[in-house]
Amino acid sequence: MANSVRDGVVVEEYSREAIRFGPRVSAWLRSRSLIAIFMSLPLLILILGLVVYPFFYSIYLSMLNKRETAFVGLDNLRYLLSYETFYLVLQNSVVFTVSAVFFKALLGFTLALTINALPQRGQRIWRGIALIPWVMPLALSTLGWWWIFEPTHSALNWVLALAGISPKPWLSEPFWARFATILVNIWFGTPFFMIMYLAGLKSIPQELFESSAIDGATGLQRLRYITLPMLRNIIAITMLFSTIVTFANFDIVRVLTRGGPRDNTHLFGTYAFQLGIQGGDVPLGAAVSLFMFPILAVSAFFILRGVQRSVR
Amino acid sequence: MIWLHSKRARRRITLVGCYAIIALFSVFFLFPIYYMAITSFKTNQEIEGLKGIPFLIQQGATLKHYWDLFQKTDFLVYFKNTIQVTVPVTVISMMISILAAYSLSRLRFAGSAAIATGIFLTYLVPESLLFIPLFKTVGFFGLLNSKWSLLLVFPTITVPFCTWILIGYFSSIPRELDEAALVDGANHLQMLLRVFLPVALPGLVAATLFAFTVSWAGFLYPMAFIFSSNQQVLTAGVVSTLIRGDVYHWGGLMAGALLACLPPVIFYVFLMDYYISGLTAGATKA
Chain A
107 MANSVRDGVV
117 VEEYSREAIR
127 FGPRVSAWLR
137 SRSLIAIFMS
147 LPLLILILGL
157 VVYPFFYSIY
167 LSMLNKRETA
177 FVGLDNLRYL
187 LSYETFYLVL
197 QNSVVFTVSA
207 VFFKALLGFT
217 LALTINALPQ
227 RGQRIWRGIA
237 LIPWVMPLAL
247 STLGWWWIFE
257 PTHSALNWVL
267 ALAGISPKPW
277 LSEPFWARFA
287 TILVNIWFGT
297 PFFMIMYLAG
307 LKSIPQELFE
317 SSAIDGATGL
327 QRLRYITLPM
337 LRNIIAITML
347 FSTIVTFANF
357 DIVRVLTRGG
367 PRDNTHLFGT
377 YAFQLGIQGG
387 DVPLGAAVSL
397 FMFPILAVSA
407 FFILRGVQRS
417 VR
Chain B
20 MIWLHSKRAR
30 RRITLVGCYA
40 IIALFSVFFL
50 FPIYYMAITS
60 FKTNQEIEGL
70 KGIPFLIQQG
80 ATLKHYWDLF
90 QKTDFLVYFK
100 NTIQVTVPVT
110 VISMMISILA
120 AYSLSRLRFA
130 GSAAIATGIF
140 LTYLVPESLL
150 FIPLFKTVGF
160 FGLLNSKWSL
170 LLVFPTITVP
180 FCTWILIGYF
190 SSIPRELDEA
200 ALVDGANHLQ
210 MLLRVFLPVA
220 LPGLVAATLF
230 AFTVSWAGFL
240 YPMAFIFSSN
250 QQVLTAGVVS
260 TLIRGDVYHW
270 GGLMAGALLA
280 CLPPVIFYVF
290 LMDYYISGLT
300 AGATKA
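Residue numbers (the working numbering), protein chains in the order written: chain A, 107 to 418; chain B, 20 to 305.
The hints are simulated quantities; they were obtained by calculation from the structure and are not laboratory data.
Glycine is no exception: its CB is placed at the ideal position from the N, C-alpha and C atoms.
Incorrect hints may have been included.
As the list claims (entries may be wrong) - Each pair of labels, with its calculated beta carbon distance range:
#: 1; chain 1: A; residue 1: 151; chain 2: B; residue 2: 79; range: 55 to 61 Å
#: 2; chain 1: B; residue 1: 47; chain 2: A; residue 2: 335; range: 26 to 32 Å
#: 3; chain 1: A; residue 1: 267; chain 2: B; residue 2: 284; range: 30 to 36 Å
Claimed, not checked - Below, a list of computed lysine-lysine pairs in the DSBU-like style, where the Cα atoms sit at most 35 Å apart:
#: 4; chain 1: A; residue 1: 274; chain 2: B; residue 2: 155
#: 5; chain 1: B; residue 1: 70; chain 2: B; residue 2: 83
#: 6; chain 1: B; residue 1: 155; chain 2: A; residue 2: 172
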């Protein structure tokens with residue numbers, strides 16, 4: 107009903123114009139889909155020109171030799187797969203992503219539950235404080251962490267000494283360097299999880315909790331049978347989302363360790379940067395970046411499915 | 020009565036527990052910022068000395084690191100460059116996104132649903148996947164080692180997200196409103212400007228904030244495309260040029276990092292609610 111009224115108005119306008127321009131051309135010019143395409147044209151140009159095209163271009167690029175003068179097919183891939191450092195990067199990326207996402211989800215959920223349990227008035231300020239790490243430019247806050255991890259003059263080893271523990275070479279020993287990069291990622295990402303989970307908690311109908319309280323459910327039972335099932339979708343989407351961002355992280359490792367010691371903390375992004383931009387082997391860098399694609403595509407597929415389901 | 024009493028007591032214990040947990044988290048979240056600030060006000064002797072408590076200023080505060088930052092380094096150049104990049108990127112991103120979101124949420128056409136899905140997927144593409152081919156693209160336009168290269172590449176991150184959340188906001192505007200406007204003889208442009216933008220103002224603020232913050236914080240692209248100090252922006256400039264030399268000037272470094280963080284944090288403090296609504300809308304709404 108409503109639509110036909112609107113279409114009626116539009117059609118009437120067409121016919122008046124038609125007298126001057128000839129019916130076909132004018133109707134076409136004034137049609138909604140043409141206006142629509144014009145309006146989304148800048149976006150389409152941007153996405154096609156600077157996202158889709160570069161993606162396919164990087165596949166081509168990854169098949170050239172270092173000086174980009176000859177086509178070498180899959181030689182770059184073969185080279186990477188025969189190269190020990192590459193497996194180190196792969197292994198570290200998986201360890202980094204899995205442990206960081208796990209702890210971010212766990213801490214973010216704990217924090218969301220805790221804030222949600224406070225009186226309504228106090229929630230705003232704590233939520234505000236908790237989101238600050240996420241607002242600061244990551245490269246710059248990592249610089250602060252870099253200073254915290256400094257072994258002789260800084261805070262962390264000073265605290266350890268106070269507790270009678272021997273100082274740790276935070277960023278120069280592989281294990282602790284990995285630990286440091288993961289810790290900074292947890293610091294940065296937990297707020298995002300908290301805010302998503304808190305929004306989810308607010309969307310659970312309060313009656314569910316009230317009726318379960320009448321039935322005598324304990325807090326743990328409520329968590330197990332109401333909160334977690336109700337939040338299942340948002341928990342999954344947030345984790346997948348974070349998997350992409352964490353896996354593709356560049357800032358933390360670049361500032362904190364530059365991939366060191368001995369390439370032990372590299373992620374795909376920082377390794378591609380080292381080979382492609384600093385080392386001048388653009389095709390090899392492109393090949394390293396492309397290795398991220400499968401895991402990103404799988405996560406994106408499940409996110410899309412989850413988002414579409416939550417809308418229906 | 021006894022039951023009531025014990026329930027209230029239990030509630031109080033829970034609350035104390037909650038505040039304890041939140042206190043721990045707050046220390047974890049805020050400590051780096053506090054430590055950066057305190058270091059930036061310390062004298063070099065105190066930073067390098069091994070005596071004293073690192074969390075306190077015990078030998079007098081100084082603004083010397085901030086002075087040096089302005090007078091002896093390119094910090095102000097980075098600041099100017101960052102603003103010259105961030106402001107146009109935000110404006111361009113918003114213009115592209117508003118037009119696209121309007122057309123995708125209201126003027127459905129063949130393929131508009133597919134395009135909306137495509138936008139969401141683009142939003143999931145991380146910078147580190149495409150910076151190498153974009154290095155070539157930037158070179159093709161002759162923009163390597165120029166801050167203007169960022170005007171080209173930052174919108175690829177900001178526009179998909181802004182369009183996505185604006186589609187969500189625009190779709191929530193009741194259709195009766197635009198029908199009323201159409202009956203009054205408004206064309207699409209007038210409708211967008213007079214009806215949609217005012218009604219979706221919270222969404223516009225959220226998207227603008229996002230575009231601003233993301234381009235302010237962008238690090239990989241300036242690191243990859245810009246090499247000269249006079250073209251550099253804050254993030255990459257503070258990290259790569261202030262660190263040179265054998266002795267790290269921790270005080271100056273922390274002063275620079277903190278000052279460079281300030282604008283996004285200030286916007287956040289005043290516009291927190293928009294920020295959060297944009298953040299949650301982006302990942303849950305369609």
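Right, here's what the structure says about each hint:
1. Look at residue 151 of chain A against residue 79 of chain B: about 58 Å separates their beta carbons, and that is inside 55 to 61 Å.
2. One distance hint, 26 to 32 Å for the beta-carbon pair residue 47 of chain B and residue 335 of chain A, holds here, with the actual separation near 30 Å.
3. In this structure, residue 267 of chain A and residue 284 of chain B meet the distance hint of 30 to 36 Å, their C-beta atoms being roughly 32 Å apart.
4. Taking the CA atoms of residue 274 of chain A and residue 155 of chain B, the gap is about 42 Å. The hint is violated against a cut of 35 Å.
5. Restraint check: the Cα-Cα separation between residue 70 of chain B and residue 83 of chain B comes to about 21 Å, which is no more than 35 Å; the hinted pair holds.
6. The hinted pair formed by residue 155 of chain B and residue 172 of chain A meets the criterion: a straight-line CA distance of about 14 Å does not exceed 35 Å.
In summary, the structure is inconsistent with hint 4 from the numbered list given earlier, while agreeing with all the others.
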